[in-house]
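Colleague: Chain by chain, the residues:
Number of protein chains: 6
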Amino acid sequence: MSNRYPAPELKDLPDDIKARVLEVQEKSGFVPNVFLALARRPAEWRAFFAYHDALMLKQDGSLTKGDREMIVTTTSAANQCLYCVVAHGAILRIYEKKPLVADQVAVNYRKADISPRQRAMLDFAMKVCLHSSEIADADFDALHAHGFSDEDIWDIAAIAGFFAMSNRLANFASIPPNEEFYLMGRLPKAK
Amino acid sequence: MSNRYPAPELKDLPDDIKARVLEVQEKSGFVPNVFLALARRPAEWRAFFAYHDALMLKQDGSLTKGDREMIVTTTSAANQCLYCVVAHGAILRIYEKKPLVADQVAVNYRKADISPRQRAMLDFAMKVCLHSSEIADADFDALHAHGFSDEDIWDIAAIAGFFAMSNRLANFASIPPNEEFYLMGRLPKAK
Amino acid sequence: MSNRYPAPELKDLPDDIKARVLEVQEKSGFVPNVFLALARRPAEWRAFFAYHDALMLKQDGSLTKGDREMIVTTTSAANQCLYCVVAHGAILRIYEKKPLVADQVAVNYRKADISPRQRAMLDFAMKVCLHSSEIADADFDALHAHGFSDEDIWDIAAIAGFFAMSNRLANFASIPPNEEFYLMGRLPKAK
Amino acid sequence: MSNRYPAPELKDLPDDIKARVLEVQEKSGFVPNVFLALARRPAEWRAFFAYHDALMLKQDGSLTKGDREMIVTTTSAANQCLYCVVAHGAILRIYEKKPLVADQVAVNYRKADISPRQRAMLDFAMKVCLHSSEIADADFDALHAHGFSDEDIWDIAAIAGFFAMSNRLANFASIPPNEEFYLMGRLPKAK
Amino acid sequence: MSNRYPAPELKDLPDDIKARVLEVQEKSGFVPNVFLALARRPAEWRAFFAYHDALMLKQDGSLTKGDREMIVTTTSAANQCLYCVVAHGAILRIYEKKPLVADQVAVNYRKADISPRQRAMLDFAMKVCLHSSEIADADFDALHAHGFSDEDIWDIAAIAGFFAMSNRLANFASIPPNEEFYLMGRLPKAK
Amino acid sequence: MSNRYPAPELKDLPDDIKARVLEVQEKSGFVPNVFLALARRPAEWRAFFAYHDALMLKQDGSLTKGDREMIVTTTSAANQCLYCVVAHGAILRIYEKKPLVADQVAVNYRKADISPRQRAMLDFAMKVCLHSSEIADADFDALHAHGFSDEDIWDIAAIAGFFAMSNRLANFASIPPNEEFYLMGRLPKAK
Numbered sequence: 048m049s050n051r052y053p054a055p056e057l058k059d060l061p062d063d064i065k066a067r068v069l070e071v072q073e074k075s076g077f078v079p080n081v082f083l084a085l086a087r088r089p090a091e092w093r094a095f096f097a098y099h100d101a102l103m104l105k106q107d108g109s110l111t112k113g114d115r116e117m118i119v120t121t122t123s124a125a126n127q128c129l130y131c132v133v134a135h136g137a138i139l140r141i142y143e144k145k146p147l148v149a150d151q152v153a154v155n156y157r158k159a160d161i162s163p164r165q166r167a168m169l170d171f172a173m174k175v176c177l178h179s180s181e182i183a184d185a186d187f188d189a190l191h192a193h194g195f196s197d198e199d200i201w202d203i204a205a206i207a208g209f210f211a212m213s214n215r216l217a218n219f220a221s222i223p224p225n226e227e228f229y230l231m232g233r234l235p236k237a238k
Numbered sequence: 048m049s050n051r052y053p054a055p056e057l058k059d060l061p062d063d064i065k066a067r068v069l070e071v072q073e074k075s076g077f078v079p080n081v082f083l084a085l086a087r088r089p090a091e092w093r094a095f096f097a098y099h100d101a102l103m104l105k106q107d108g109s110l111t112k113g114d115r116e117m118i119v120t121t122t123s124a125a126n127q128c129l130y131c132v133v134a135h136g137a138i139l140r141i142y143e144k145k146p147l148v149a150d151q152v153a154v155n156y157r158k159a160d161i162s163p164r165q166r167a168m169l170d171f172a173m174k175v176c177l178h179s180s181e182i183a184d185a186d187f188d189a190l191h192a193h194g195f196s197d198e199d200i201w202d203i204a205a206i207a208g209f210f211a212m213s214n215r216l217a218n219f220a221s222i223p224p225n226e227e228f229y230l231m232g233r234l235p236k237a238k
Numbered sequence: 048m049s050n051r052y053p054a055p056e057l058k059d060l061p062d063d064i065k066a067r068v069l070e071v072q073e074k075s076g077f078v079p080n081v082f083l084a085l086a087r088r089p090a091e092w093r094a095f096f097a098y099h100d101a102l103m104l105k106q107d108g109s110l111t112k113g114d115r116e117m118i119v120t121t122t123s124a125a126n127q128c129l130y131c132v133v134a135h136g137a138i139l140r141i142y143e144k145k146p147l148v149a150d151q152v153a154v155n156y157r158k159a160d161i162s163p164r165q166r167a168m169l170d171f172a173m174k175v176c177l178h179s180s181e182i183a184d185a186d187f188d189a190l191h192a193h194g195f196s197d198e199d200i201w202d203i204a205a206i207a208g209f210f211a212m213s214n215r216l217a218n219f220a221s222i223p224p225n226e227e228f229y230l231m232g233r234l235p236k237a238k
Numbered sequence: 048m049s050n051r052y053p054a055p056e057l058k059d060l061p062d063d064i065k066a067r068v069l070e071v072q073e074k075s076g077f078v079p080n081v082f083l084a085l086a087r088r089p090a091e092w093r094a095f096f097a098y099h100d101a102l103m104l105k106q107d108g109s110l111t112k113g114d115r116e117m118i119v120t121t122t123s124a125a126n127q128c129l130y131c132v133v134a135h136g137a138i139l140r141i142y143e144k145k146p147l148v149a150d151q152v153a154v155n156y157r158k159a160d161i162s163p164r165q166r167a168m169l170d171f172a173m174k175v176c177l178h179s180s181e182i183a184d185a186d187f188d189a190l191h192a193h194g195f196s197d198e199d200i201w202d203i204a205a206i207a208g209f210f211a212m213s214n215r216l217a218n219f220a221s222i223p224p225n226e227e228f229y230l231m232g233r234l235p236k237a238k
Numbered sequence: 048m049s050n051r052y053p054a055p056e057l058k059d060l061p062d063d064i065k066a067r068v069l070e071v072q073e074k075s076g077f078v079p080n081v082f083l084a085l086a087r088r089p090a091e092w093r094a095f096f097a098y099h100d101a102l103m104l105k106q107d108g109s110l111t112k113g114d115r116e117m118i119v120t121t122t123s124a125a126n127q128c129l130y131c132v133v134a135h136g137a138i139l140r141i142y143e144k145k146p147l148v149a150d151q152v153a154v155n156y157r158k159a160d161i162s163p164r165q166r167a168m169l170d171f172a173m174k175v176c177l178h179s180s181e182i183a184d185a186d187f188d189a190l191h192a193h194g195f196s197d198e199d200i201w202d203i204a205a206i207a208g209f210f211a212m213s214n215r216l217a218n219f220a221s222i223p224p225n226e227e228f229y230l231m232g233r234l235p236k237a238k
Numbered sequence: 048m049s050n051r052y053p054a055p056e057l058k059d060l061p062d063d064i065k066a067r068v069l070e071v072q073e074k075s076g077f078v079p080n081v082f083l084a085l086a087r088r089p090a091e092w093r094a095f096f097a098y099h100d101a102l103m104l105k106q107d108g109s110l111t112k113g114d115r116e117m118i119v120t121t122t123s124a125a126n127q128c129l130y131c132v133v134a135h136g137a138i139l140r141i142y143e144k145k146p147l148v149a150d151q152v153a154v155n156y157r158k159a160d161i162s163p164r165q166r167a168m169l170d171f172a173m174k175v176c177l178h179s180s181e182i183a184d185a186d187f188d189a190l191h192a193h194g195f196s197d198e199d200i201w202d203i204a205a206i207a208g209f210f211a212m213s214n215r216l217a218n219f220a221s222i223p224p225n226e227e228f229y230l231m232g233r234l235p236k237a238k
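Chains as they are written, first to last, in the working numbering: chain A, 48 to 238; chain B, 48 to 238; chain C, 48 to 238; chain D, 48 to 238; chain E, 48 to 238; chain F, 48 to 238.
Next up, chain A with everything else stripped away, as it sits in the complex (with noise of 0.2 Å):
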């Protein structure tokens, strides 16, 4: 964590905060830093992760939790977002069961092994990450070849956007990766 914008401790957290902070320590085995670089500031924190639940978490539209987090892997490259490209990347691994498919995004997911589906989907994504200004019916027209509907669109966009959010919080706050999205989702898992 930065020594500018030190974290709180757990026990300083108020009660909400500290309950999901523990719940996703339970879940995962360790406390992501982003649940607590942003915790200093409770209001934001609060409306980070319920904007975050919304459209990571969303049960419907065709995309899936996988895709949702290869558009975050992915833009975020684009931005050079250190601690959103390893940390998205390890879930990305796990959702979608490919140990490959966060580094080959990361790089150039031009040339990554991903559906059409999802190549389409990333070049909108990316599109709304770099030039948001010049979205037009046709980048629409691509997407519905694919047989995207406009919510799921929306998803894609939405994910963009609140990721062009995240990173350049990320960037200015100097918030590290935990060591342990490195490696995870890139081993076979243990029986």
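Hints listed in this document are in silico derivations from the structure and should not be mistaken for laboratory results. Values in this document were obtained by computation on a predicted structure and should not be read as measured data. Where hints are given, some of them may not hold.
Where chains are identical, the list cannot tell them apart; a pair therefore holds if satisfied intra-copy or between any two copies.
Here are the simulated lysine to any residue pairs, SDA-like style, with alpha carbons at most 25 Å apart [claimed, not checked]:
{"#": "1", "residue 1": "LYS112", "residue 2": "ARG87"}
{"#": "2", "residue 1": "LYS144", "residue 2": "PRO55"}
{"#": "3", "residue 1": "LYS158", "residue 2": "PHE77"}
{"#": "4", "residue 1": "LYS158", "residue 2": "ARG51"}
{"#": "5", "residue 1": "LYS158", "residue 2": "ASN50"}
{"#": "6", "residue 1": "LYS58", "residue 2": "ASP197"}
{"#": "7", "residue 1": "LYS112", "residue 2": "LEU230"}
{"#": "8", "residue 1": "LYS158", "residue 2": "GLU198"}
{"#": "9", "residue 1": "LYS158", "residue 2": "PHE187"}
{"#": "10", "residue 1": "LYS58", "residue 2": "GLU73"}
{"#": "11", "residue 1": "LYS112", "residue 2": "SER75"}
{"#": "12", "residue 1": "LYS105", "residue 2": "ASP188"}
{"#": "13", "residue 1": "LYS65", "residue 2": "MET173"}
{"#": "14", "residue 1": "LYS145", "residue 2": "ARG87"}
{"#": "15", "residue 1": "LYS105", "residue 2": "PRO53"}
Based on the hints, put chains B, C, D, E and F in the right spot on chain A.
Modeller: Frame of chain A; chains B, C, D, E and F shown alone:
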């Protein structure tokens, strides 16, 4: 409002959202389009405005409300977001009591009639907007020299980050600014 | 006006320049700063306004005066020229009788409330502004499809070219727009 | 000359334009294409050459004719304008009496065999060419350190600005350089 | 391996190439794809690996093998070359005995856990990679301040230059990294 | 030659390098600076020229020697490499027997007097030079349409790749082109 993502009608909104919409309508005399455009997804709406309020209505710190809107207007122009430049430019004019300042920062903040402190603030906000991966200690030093604390700098970065998201949402969904915004704050207040 | 390049006083101007300045003052109610800022160099002033008039006051061809000012406002925004965006944006509002259009094209002409023909015109003007070495036959075809003749296209390119120069002059010499321009054309005409 | 915008024949030119064309033909042994290509629009021709002459034939100030052509050649290369690089590169070689300098500044002016004063001049001219909205006091200071006055700086900027226009005209209209220019100034003068 | 440029079979290789391939297979346990992908053109293969070895296996100078691989991984990420980031990232992890460092420099070397000397080395390597025409004496000074000699700087530049070529080859021919590389150096060595 | 990296004297060169240098001197009448500038590192020299010869002196395939030099001149201009533009531009003029073509492709290859087949070749070479990570099947299709085989395309890409390296070497080490190159191929051959 775009045909692709029609806004819900006021009567169909969840109560909490409807209450906020009516409140802003009461205060402003109209409902800014973003309140309705995002309301088609209540969970996202709630997170969006909770985050917005945490950053823009924050009471402490040395950033004035005008400073905050100036960050929004300047970075939204860099992202070519029509909604945010026009809507927040209007609020900026009102808070700063300067009818010209919004157009100035939107076109070229380096030529705007603002204080050296605001200029330094915008230099940093633009770096968060455009090159966040390159932010370094020297960028913090430049702000400290103008009396900004590290918490103020967090405010600047978080606002620039939040609107990195908002700009992308408004761009992709083609949310138009209400006509009322274009003229707001340009005329001396009627007595 | 910048301290580095002070404008001459009206009384010190050569007669032909003084006459034009008085004429524009008569017509507009004030003297746009560019008329005085450039007058410190009479030979350049004369060539500048001769060129300006040949392009902007041209009678023949299918471009309206509003079209011409729209090209200026849009490309000047791409060059971040405060003087030209504010001054020509004002004239654009008046000619097009659309109080919102100048802000729209300055922020993102792709979202502006303009005709498809104007959109094609601006696509070409922006290519002249930003990537003139890449102009190819296909760019002419796109304009022909909207009824522009090759002479109209020359007009578009020459206007974008002339303001490529003007924008650089106003930027380097820090010529500020007159305050009067900011509000012009935004209000319904008083009866 | 491009088929799209055929040049008029000499005999069809207005008298003043014809006189100048004959004069330049007399002096150079051929008519540079830009004189004919633009002559199809006499009013624009007159303003163009009046402006050109005011900047390039200016007698006072510390910029030499070679300096002026060096600015043109360098910035025209940045704009990838074939006509201006080849034609003004030829004149640059002659004025500077350096057969290699035009190719050097066209490819990379930082490696050219020029004086430190010329290097500073070109740094500024390139900023006018590429990033005029970012010009700041420090840029003027850098030139003052080499003995340039503010009037000299105006000359540099105005020349870079004028050719920002010329380059766009020659690019869009595909005006080819005369073959004669390619070799001019490369050989020792025949005795 | 891409269908367009199939790799030759081991048995069909010239003897000298086959010997090197078998040697690397012996040492690594597999044949890195670049050895086979380029072998379809023996003369190019020989020059490529002679150059590679001259730069990467060089014994003298102050750059360690880890430093050299760090330059490769960082600049290859800037060029979005999947093969080189994954393959050389693996070797970097092993030489530096740091399982996290390759992912760090690939995403944003400014945030990597490396020495200030390595940071200066990468700043220069990235300038060679992205803006080599702008390299100036000040860039050399910055490296001298960290103890690099001019010969070390040649090493840095030559490695960044060689992989400017390699990255383009692997990108255009779509050479995929071997799966083995993705995990190499991430786990503590088995005892 | 730069003071930082002085070239060795001919007498101090290893025999194989000396032989090649003498051979090129015999043939050209002078020693191109790159032969001496790189000779201070014999292993790198040998690999560099082995690679160069494999690509540039290749006998088979449909690319002519002129085509090859045209790729070099065009991409080296994009990389602003003075040595390669001037030296290979000279050879290009000679092979193509076109005294104007090198200046044309160096400034803007889209305006050069070359065949449509060469234009397509340069489009691809420039993509390898500037955006190799984005190369896709459509780029190959465009070349096939002009009769290029996949092996020809490898040649184009490998030449553009090799000079991506050479340009960076010549830029960082400030290798100046020999004066002889500037004029070569510009004059009709003496009878």
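Colleague: With reference to the structure, classify each hint as holding or not holding.
Modeller: Results for each hint:
1. Taking the shortest Cα distances, LYS112 and ARG87 sit within 25 Å of each other only across copies (22 Å), while inside one copy they are farther apart (28 Å).
2. Within a single copy, LYS144 and PRO55 get their C-alpha atoms no closer than 34 Å, and across copies no closer than 32 Å, so neither meets the 25 Å cut-off.
3. In the homo-oligomer, the alpha carbons of LYS158 and PHE77 lie at most 25 Å apart only across protomers (22 Å), although the nearest pairing inside one protomer, at 32 Å, exceeds that limit.
4. Taking the shortest Cα distances, LYS158 and ARG51 sit within 25 Å of each other only across copies (15 Å), while inside one copy they are farther apart (38 Å).
5. In the homo-oligomer, the alpha carbons of LYS158 and ASN50 lie at most 25 Å apart only across protomers (14 Å), although the nearest pairing inside one protomer, at 38 Å, exceeds that limit.
6. Taking the shortest alpha-carbon separations for LYS58 and ASP197, only the inter-copy value of 24 Å comes in at or below 25 Å, while the best intra-copy value is 44 Å.
7. Taking the closest pair of Cα atoms, LYS112 and LEU230 come within 25 Å of each other both inside a single copy (20 Å) and across two copies (24 Å).
8. Taking the shortest Cα distances, LYS158 and GLU198 sit within 25 Å of each other only across copies (21 Å), while inside one copy they are farther apart (27 Å).
9. When the C-alpha separation of LYS158 and PHE187 is checked against a cutoff of 25 Å, the pair qualifies both within a copy, at 23 Å, and between copies, at 16 Å.
10. Taking the shortest alpha-carbon separations for LYS58 and GLU73, only the intra-copy value of 16 Å comes in at or below 25 Å, while the best inter-copy value is 42 Å.
11. Within a single copy, LYS112 and SER75 get their C-alpha atoms as close as 17 Å, which meets the 25 Å cut-off; across copies the closest is 36 Å, which misses it.
12. In this assembly of identical chains, LYS105 and ASP188 lie within 25 Å of each other by CA distance solely inside one copy; the values are 24 Å within and 41 Å between copies.
13. In this homomeric assembly, LYS65 and MET173 never come within 25 Å of each other (Cα to Cα): the closest approach is 34 Å inside a single copy and 34 Å across copies.
14. For the homomeric pair LYS145 and ARG87, neither the shortest alpha-carbon distance inside one copy (35 Å) nor that between copies (31 Å) is at most 25 Å.
15. In this assembly of identical chains, LYS105 and PRO53 lie within 25 Å of each other by CA distance solely across copies; the values are 21 Å between and 31 Å within a copy.
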